[in-house]
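One line per chain: the protein sequences are S and E, in this order.
If you read the first sequence in the numbering used here, its first letter stands for residue 1, the second for the next number, and so on.
If you read the second sequence in the numbering used here, its first letter stands for residue 1, the second for the next number, and so on.
These are computed hints drawn from the structure, not numbers from a lab.
Model, not experiment: these values are computed from the prediction.
You may find that some hints are simply not true.
Unchecked claim - The following label-pair restraints were derived from C-beta to C-beta distances: (1) S:THR16 <-> E:ALA328: 48 to 58 Å; (2) S:ARG129 <-> E:VAL52: 40 to 50 Å; (3) S:HIS344 <-> E:ARG143: 28 to 38 Å; (4) S:ARG129 <-> E:PRO254: 31 to 41 Å; (5) S:LYS130 <-> E:ALA329: 14 to 24 Å.
Idealized CB from N, CA, C, for every residue including glycine.
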Amino acid sequence: MAELTLSGITKSFGATTVIHAVDLHVADGEFVVFVGPSGCGKSTLLRIIAGLEEVTTGSIAIDGADVTGRPASERGLAMVFQSYALYPHMSVYKNMAFALENMGLKAPEIDARVRRAAAMLRLTDYLERKPKALSGGQRQRVAIGRAIVRDPKIFLFDEPLSNLDAELRVATRKELAGLHAELGGTMIYVTHDQVEAMTLADRIVVLQSGRIEQIGTPLELYNSPDNLFVAGFIGSPRMNLLPARAAGQGAVALGEAGQEVELGRETALPAGTSVTLGIRPEHIALAGEGEAGLAMTVELVERLGGESYLYGSAPGLPQITVRLDGQTSHGRGDRVALRFAPAHLHLFDAAGKALRPDRA
Amino acid sequence: MTPPLSLRRSAARWLGLFVAALMRLVDWPMRWLQRLLGERRMAYVFLLPNLVFFSLFVFLPLIINVVFSVTGGTALFPSERPYVGGGQYAYLFDCDSFLDPGSCREDHFWRGVANTLRFTTFQVVAMVLFSLVTAVVLNMRIRGRGFFRAVYFFPVLLSPVVVALIWKWILQRDGLLNAGLTALGGQKILFFIDPGWAMFWAVFVSIWAHMGFYTLILLAGLQAIPADLYEAAEMDATPRWRAFWRITLPLLWPNLIVVIVLALIRGVQTFDEVFVLTGGGPGTATLMVVQYIYETAFSNQVQNFGLAAAASVVLGIVLFGLTLAQLAASRRRSA
Numbered sequence: 001m002a003e004l005t006l007s008g009i010t011k012s013f014g015a016t017t018v019i020h021a022v023d024l025h026v027a028d029g030e031f032v033v034f035v036g037p038s039g040c041g042k043s044t045l046l047r048i049i050a051g052l053e054e055v056t057t058g059s060i061a062i063d064g065a066d067v068t069g070r071p072a073s074e075r076g077l078a079m080v081f082q083s084y085a086l087y088p089h090m091s092v093y094k095n096m097a098f099a100l101e102n103m104g105l106k107a108p109e110i111d112a113r114v115r116r117a118a119a120m121l122r123l124t125d126y127l128e129r130k131p132k133a134l135s136g137g138q139r140q141r142v143a144i145g146r147a148i149v150r151d152p153k154i155f156l157f158d159e160p161l162s163n164l165d166a167e168l169r170v171a172t173r174k175e176l177a178g179l180h181a182e183l184g185g186t187m188i189y190v191t192h193d194q195v196e197a198m199t200l201a202d203r204i205v206v207l208q209s210g211r212i213e214q215i216g217t218p219l220e221l222y223n224s225p226d227n228l229f230v231a232g233f234i235g236s237p238r239m240n241l242l243p244a245r246a247a248g249q250g251a252v253a254l255g256e257a258g259q260e261v262e263l264g265r266e267t268a269l270p271a272g273t274s275v276t277l278g279i280r281p282e283h284i285a286l287a288g289e290g291e292a293g294l295a296m297t298v299e300l301v302e303r304l305g306g307e308s309y310l311y312g313s314a315p316g317l318p319q320i321t322v323r324l325d326g327q328t329s330h331g332r333g334d335r336v337a338l339r340f341a342p343a344h345l346h347l348f349d350a351a352g353k354a355l356r357p358d359r360a
Numbered sequence: 001m002t003p004p005l006s007l008r009r010s011a012a013r014w015l016g017l018f019v020a021a022l023m024r025l026v027d028w029p030m031r032w033l034q035r036l037l038g039e040r041r042m043a044y045v046f047l048l049p050n051l052v053f054f055s056l057f058v059f060l061p062l063i064i065n066v067v068f069s070v071t072g073g074t075a076l077f078p079s080e081r082p083y084v085g086g087g088q089y090a091y092l093f094d095c096d097s098f099l100d101p102g103s104c105r106e107d108h109f110w111r112g113v114a115n116t117l118r119f120t121t122f123q124v125v126a127m128v129l130f131s132l133v134t135a136v137v138l139n140m141r142i143r144g145r146g147f148f149r150a151v152y153f154f155p156v157l158l159s160p161v162v163v164a165l166i167w168k169w170i171l172q173r174d175g176l177l178n179a180g181l182t183a184l185g186g187q188k189i190l191f192f193i194d195p196g197w198a199m200f201w202a203v204f205v206s207i208w209a210h211m212g213f214y215t216l217i218l219l220a221g222l223q224a225i226p227a228d229l230y231e232a233a234e235m236d237a238t239p240r241w242r243a244f245w246r247i248t249l250p251l252l253w254p255n256l257i258v259v260i261v262l263a264l265i266r267g268v269q270t271f272d273e274v275f276v277l278t279g280g281g282p283g284t285a286t287l288m289v290v291q292y293i294y295e296t297a298f299s300n301q302v303q304n305f306g307l308a309a310a311a312s313v314v315l316g317i318v319l320f321g322l323t324l325a326q327l328a329a330s331r332r333r334s335a
C-alpha cells in the first residue's frame with residue numbers, strides 16, 4: 001500500500017481548464033472519497049491519478065516517487081470502472097487472472113490469488129461463467145476482484161455503485177467498507193452520492209468546477225462546512241440556507257417579518273449586513289405553545305415512521321425542511337413556529353464563505 | 001433550375017391526392033382479405049409480392065438450371081432437350097487425378113477450379129489481413145482520418161469493369177507502370193503474359209476494389225468495442241500486442257467471420273474483374289470457374305448449356321457448404 005501526493009495538478013482540454021491547481025495528500029491506508037456534482041472534475045482527477053489522462057501542469061508522487069510522466073501500466077494502481085469494463089469474452093477466472101498473466105506470474109500463483117479473491121468476494125461458484133451470465137452486483141464484485149488480485153499500491157474506484165439498484169448499492173457499499181477494513185489498502189473513490197461519501201470515507205474531498213472546496217472527515221464537513229457549496233452538498237436532506245441580515249451583535253433577522261434568530265455568540269457584523277443562515281433540518285424544532293419562533297406554513301409532510309419531514313414556507317424565504325423525531329400529526333396548511341438550535345447555526349458571508357465564531 | 005414554389009406545391013398536392021386515392025383503392029380488398037384469412041396470415045399477403053419476384057428470378061432459374069444439368073444437346077427449351085441423367089456430371093468429374101487438371105476430360109473446368117481455389121485463398125487471406133490492418137489504423141486518432149476512410153472506401157463505389165479497365169491501363173504493355181519502369185531505366189514487364197504476374201495482379205486488383213467494404217465492416221466492429229476495456233487493459237499493464245490479440249481479435253471475431261464468408265463467396269464467384277483484366281489468360285492461367293461456365297454456355301462455338309448448368313450446380317453446392325461451415329464456426333465461437 002502507498003501514499004499519494006498531488007501537487008498543483010491542472011488539466012486543460014484546449015482552452016478549457018477542468019482541474020485548477022489541485023493539491024492533495026492521501027495517507028497510506030486511507031479511504032478518500034472525491035465527491036461533487038456531475039462535471040466537477042472528480043473522474044478526471046481520478047483518471048489523472050490512474051495515468052489514463054495526462055496532466056497539463058503539476059506532479060503526482062506515489063510513495064515519494066514522481067510518476068507524473070509514467071503510463072498507467074507502470075504506476076502499480078488498480079481501477080474499478082463505472083461500467084465494470086469486464087472482458088466480455090473471458091470467464092470470471094480469466095478476467096481476474098488476465099493482469100496476473102501480464103505480470104508474468106506462474107500458473108499456481110495466479111490460481112491461488114484468483115481463488116483467494118474469489119472466496120473473499122463470494123465468487124467461487126461463478127469462476128467459469130462469462131460476465132453476461134452474472135447479475136450487476138456479481139459483475140461489480142468481479143471488477144473489484146480483478147483489482148484485488150493485483151495487490152495494487154492504490155485502489156481507484158470510479159463511481160462503482162452507480163449502475164446498481166438502491167438495495168444492492170447499500171449492500172455493496174457495506175462490502176466495500178468491510179473490504180477496506182480487511183485489506184487496509186489506500187483507496188480513492190469517486191462518487192456524486194454524498195451518502196456513499198459519508199459512509200465510506202476516512203476523508204472527503206469536495207470538488208466543484210475543478211477546484212477543491214473542502215477536505216475533511218465526513219463529520220468535519222457536516223458540522224463545519226467551509227462554504228455554502230459544501231453546506232448544501234453534504235447532508236441529506238440538505239441544509240436549509242436562508243437569506244438573512246445581521247441584526248445587532250448576536251442575532252440575525254430572517255424573512256419579510258424580520259424574525260430575529262439568536263446566534264448564541266457575538267458577531268462583529270455591522271447591522272444590516274447580508275448573510276446566509278444555515279441550519280440542518282434536524283436542528284430545527286417546533287416551538288411550544290406561546291413560544292416565539294419563525295412562522296412557517298406546512299406544505300408537505302413526509303412520514304417515514306421513525307422520523308417525519310415537514311416542508312414549508314415563510315414569507316421571503318426559500319422552502320424550509322424540518323426533521324422531527326417520530327411521527328407528527330401536522331398536515332398541509334398547518335401553521336407552525338420554528339425554533340433554531342443556536343449551537344448548530346452556520347453563518348455565511350455574501351461571498352458564501354463560512355463565518356466561524358473566531359472570524360465573524 | 002428549381003421549379004417555382006407554386007408548381008412544387010401543386011405537384012405535392014396532386015401526389016398526395018394520388019397516394020390517398022391509391023390507398024382507398026387498396027383498402028377494401030385488403031380488408032376483405034384480412035376478414036377471409038385472419039390477421040396472422042395477412043403477413044404472408046404482404047410478403048407475397050417479394051416472394052413472387054424472388055421465385056421468378058431466383059428459385060425458378062435455380063430449378064431450370066438443375067433441369068438443364070441433367071439434359072444434353074444444344075436446344076434452348078427444356079422440352080426439346082434430351083434427358084441424360086448424371087451424364088454431364090460424370091463428364092465433368094471424369095479425371096484420373098483431381099490434383100492434375102490435365103488428366104481430366106474437361107480439363108478447362110478443373111483448371112478453372114484450381115485457379116479459383118488459388119485466387120480465393122490468396123485473396124481472402126490478403127484481403128482479411130489488409131482490411132484488418134487498415135481498419136485498426138483508421139480507428140486510431142490520426143490526422144485526416146475521415147479523408148483516409150473515404151479514400152479507402154472509394155473503389156467500392158466503382159463498377160468492377162471500370163476497376164479492371166483502370167488497372168489494365170496501368171498494367172498493360174504500354175501502360176503507366178511500364179512507362180514508369182522504363183523512365184527509371186528499367187525493363188518493361190509483360191504482366192499479362194507471365195502467368196504468375198497475371199494471377200498476382202488479378203488478386204491485387206480484386207483486393208484494391210473490395211478492401212474498402214471489408215474495412216468498413218471491421219471498422220464498425222472496432223468502434224463497437226468499448227474504450228474502457230482498453231483502459232482496463234492499460235491498468236492491467238497489458239502490452240499493446242497482447243491487448244490486440246486477447247481483446248480486439250476475440251471481440252472482432254463476429255465481424256471477421258462476416259468478412260471471411262463474404263470474401264470467400266465473392267472470391268469463388270469472381271468473374272468480371274478478372275475477365276476484363278486478363279481474359280482468363282495467359283492461356284488458362286487466370287481462368288476462373290464462373291468464366292468457364294459463361295464461356296461453355298454462351299461464348300463457345302457450341303453452346304453447351306447442360307455442361308455449364310452442371311458446373312453451376314457444383315459451384316452452388318460448394319458455396320452452400322462453405323457458407324454453412326463458416327456460419328457453424330461463427331456460432332460455436334460466439335456461444
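Discussion item. Taking the earlier hints as the rules, which of them does this structure contradict?
Written reply: As far as the earlier hints go, 3 and 4 are violated by this structure, in ascending order.
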